[in-house]
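Student: Residues per chain, in single letters:
Protein chains: 2
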Amino acid sequence: MTTVKAEILAVGDELLYGQTLDTNSHYISGEMDKIGVRVVRRSTVGDNEADILKAFAEAESRADIVLISGGLGPTSDDLTKPCLAKYFGCGIRIHEEALKEVTEFFRKRGRELTELNRQQAALPECCEKITNPLGTAPGMWFDRNGKVFVSMPGVPHEMVHMVQHEVIPRIRRRFTLPVIAHQMIRTAGIGESFLAEKIAPWEESLPPHIHLAYLPSEAGVKLRLTAFGDDPEKIRREFEALCQSILPYAGPYIFGFTDDPLEVVLGKMLIEKGLTLSAAESCTGGHVSHTITSVPGSSAYFLGSVVAYANAIKIKALGVNSDTLAQYGAVSEQTVAEMAIGVRQRFGTDIGVATSGIAGPDGGTPEKPVGTIWIACADRNGVETRKLHFASARLVNIKLTTTSVLNLVRLRIKKGVKD
Amino acid sequence: MTTVKAEILAVGDELLYGQTLDTNSHYISGEMDKIGVRVVRRSTVGDNEADILKAFAEAESRADIVLISGGLGPTSDDLTKPCLAKYFGCGIRIHEEALKEVTEFFRKRGRELTELNRQQAALPECCEKITNPLGTAPGMWFDRNGKVFVSMPGVPHEMVHMVQHEVIPRIRRRFTLPVIAHQMIRTAGIGESFLAEKIAPWEESLPPHIHLAYLPSEAGVKLRLTAFGDDPEKIRREFEALCQSILPYAGPYIFGFTDDPLEVVLGKMLIEKGLTLSAAESCTGGHVSHTITSVPGSSAYFLGSVVAYANAIKIKALGVNSDTLAQYGAVSEQTVAEMAIGVRQRFGTDIGVATSGIAGPDGGTPEKPVGTIWIACADRNGVETRKLHFASARLVNIKLTTTSVLNLVRLRIKKGVKD
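Top line first, the protein sequences correspond to chains P and A.
Take the working numbering: the final residue in the first sequence is number 421, and no numbers are missing along the way.
Take the working numbering: the final residue in the second sequence is number 421, and no numbers are missing along the way.
This is chain P alone, in the form it adopts within the complex:
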């Protein structure tokens, strides 16, 4: 089987000038890798016709598929569409279906269609339109001399939706791809190098056709197994065995074997056990609640929270004892425990969690340096606390704390909250 090669092209001055971080190319890379398309090059060019046209020609010489993001907006600095029309030698005209879609998009939002927006429905005559239900710029699919060009909007969520629902299915139909399989092993509560040490014997036991990657983030370290082969059933059995054989090395840190993040796994556990949750947040400032409620349907188990930034709110809205605050301070085991107990009681939930710490960059002391954080989880059996220490930037500390507190709830539920 011949390898199908892809080149990823991002268009935009804002990328070249370092004002916008290009996460699109990264996302598209990962998605192509998953389906067995080999990315051979990534390029970024500015909003400049000559540069864009040259990049098209170079990409076509190297790859079977050219995946382009950006430059589809309605304004004069958006050049991808006219460049594609020029490159493929065809005119641009209003695409009736696209016009219907963009008109409907604006009608639904109770807004009038401007002439600029109307022009977004104009497409090169030699392309197939790719529907963009989340935005006004349709995608484009060109197929000539065995090479495919795909143009997608630069707005990340529009691009992601298009890749998932349109681009990947079309690539699968258009090309013969090798059998490639992935297995996720999701962990939380342990850093990359510590995890690597723990699972070293397991990693050494991997057969040569299975490759392991460590993908660390604030939401935990993902382990991803990738296998190439001809027999999907054999790979499936091998993955199954590996998901079992890693447990003796890292069992307590593993929260799932799918790509579901911790908040989704936790949500499923809460629904399954019929449990409700509330939160009392100090240093995380709403990020724990935001993460929980980022899951559709979370209202089934999450009743709400109090973000108690000020001590007065900790006392008034959560019932924390003012003596506790005076004696131990806001960043203490005693305070965080009272916060968790307080929110559980006042909100009438099965579980109450709490965070209190110094997210930084200021506010640290010699005894409690920046990154000192207490978390707690209360249920009918009592309250469990943990002291964390992170030494990163404010936002990273906040996100790491969120992962830790969600993992604390997960472990607590596994032990049995209602037993």
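A couple of the hints might just be wrong.
For identical chains, the list gives no copy identity; a pair is met inside one copy or between any two copies.
[Claimed, not checked] List of simulated lysine to aspartate or glutamate pairs, EDC-like, C-alpha gap at most 20 Å: (1) K389 - E114; (2) K56 - D66; (3) K110 - E369; (4) K224 - E242; (5) K36 - D15.
Don't read these hints as lab results, they were simulated from the structure.
Once you have looked at the hints, place chain A on chain P.
Tutor: Okay, now just chain A, sitting in the frame of chain P:
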């Protein structure tokens, strides 16, 4: 003055396969932009000799400076150094000063120098060594036929240190750089195409040496002016005039002329006016609070919030009337107004804001489709509400709502909260 052009080249399979997000190229882009070097292309290639050599030649044909990160590790898949030696046609041998540095690096950490590490001190004979005090791989500087190649390690903090302390000073000495300047104009509460229509006459008045870019995101549309010239003072005056002349077209939407996001601008306004803020969040589920508290020092004006996901919490923790909920529903002007008034009163703040809506993907009805969102802002003078309609993905709806509610507070403060 001739423009000095740069190309940025990142080397590594982990980038092409979507395992590691390439923040290096983004950082180097921004730093080059700041000193007036024009980045004309960014490319990423894998750990493959032929691809790397081709990328070198292409980059040299387009740019005066080629900035390479990655591929300097001690293992066999790190190919940047042998490729550079081949490209410049010279041998590789141990660099005595580099060997001293790497030996010292290991000695300080109480570790022995392995043969692999020793080889990191071997450099192409035709380059100048660039010191890397934070790691074991030195950087390299090649200068041939008026073109400069710079090779830097892929480890981000090592690369950043090298750019700041070695690469930028060398580039400044080696090239004559033009004056380049940027001016940000930050907006909220208006989409890209509507903004473009409103400011069209202003945009048409821009002189040819000033370029305008639209940078839309959930946090609002950024307008960025870029000017090239010889006279920084003249550019500064032009920018100043343009920041004034845009006001008649888009004044109410403009919240700032720096890169500060809305939550930072709002925080400064609250501090300046001595005002405090609290929030009652339903559909945003904590994201408003998270955004406000992402700003260091926000505890000076943000006391806290109630995330009232369940109706029972809206009643109990915010004092929303159960009749209001029964008659109008949770997603209504009446409910969101009572939420804002309730949190302001209970938390004792000058301003209380609230959100209630259907973030999606489920929960919509014909009368209240997904994306129907009410926001409110209460102060001593009363409560102001707005109905929003977004039809994006859940997380985008949440983020757009956050921007809208922060902007509502900003406009409210501008009118005068305490007057």
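Student: Evaluate each hint against the coordinates.
Tutor: Now for the hints, and whether the structure bears them out:
1. For the homomeric pair K389 and E114, the shortest alpha-carbon distance between copies (17 Å) is at most 20 Å, but the shortest distance inside one copy (54 Å) is not.
2. In this assembly of identical chains, K56 and D66 lie within 20 Å of each other by CA distance both inside one copy and across copies; the values are 16 Å within and 18 Å between.
3. For a Cα distance limit of 20 Å, the shortest separation of K110 from E369 across copies, 12 Å, qualifies, whereas the shortest one inside one copy, 56 Å, does not.
4. Taking CA atoms no more than 20 Å apart as the test, K224 paired with E242 passes inside one copy only; the shortest distance there is 17 Å, against 48 Å between copies.
5. Taking the closest pair of Cα atoms, K36 and D15 come within 20 Å of each other only across two copies (14 Å); inside a single copy the shortest separation is 29 Å, beyond that limit.
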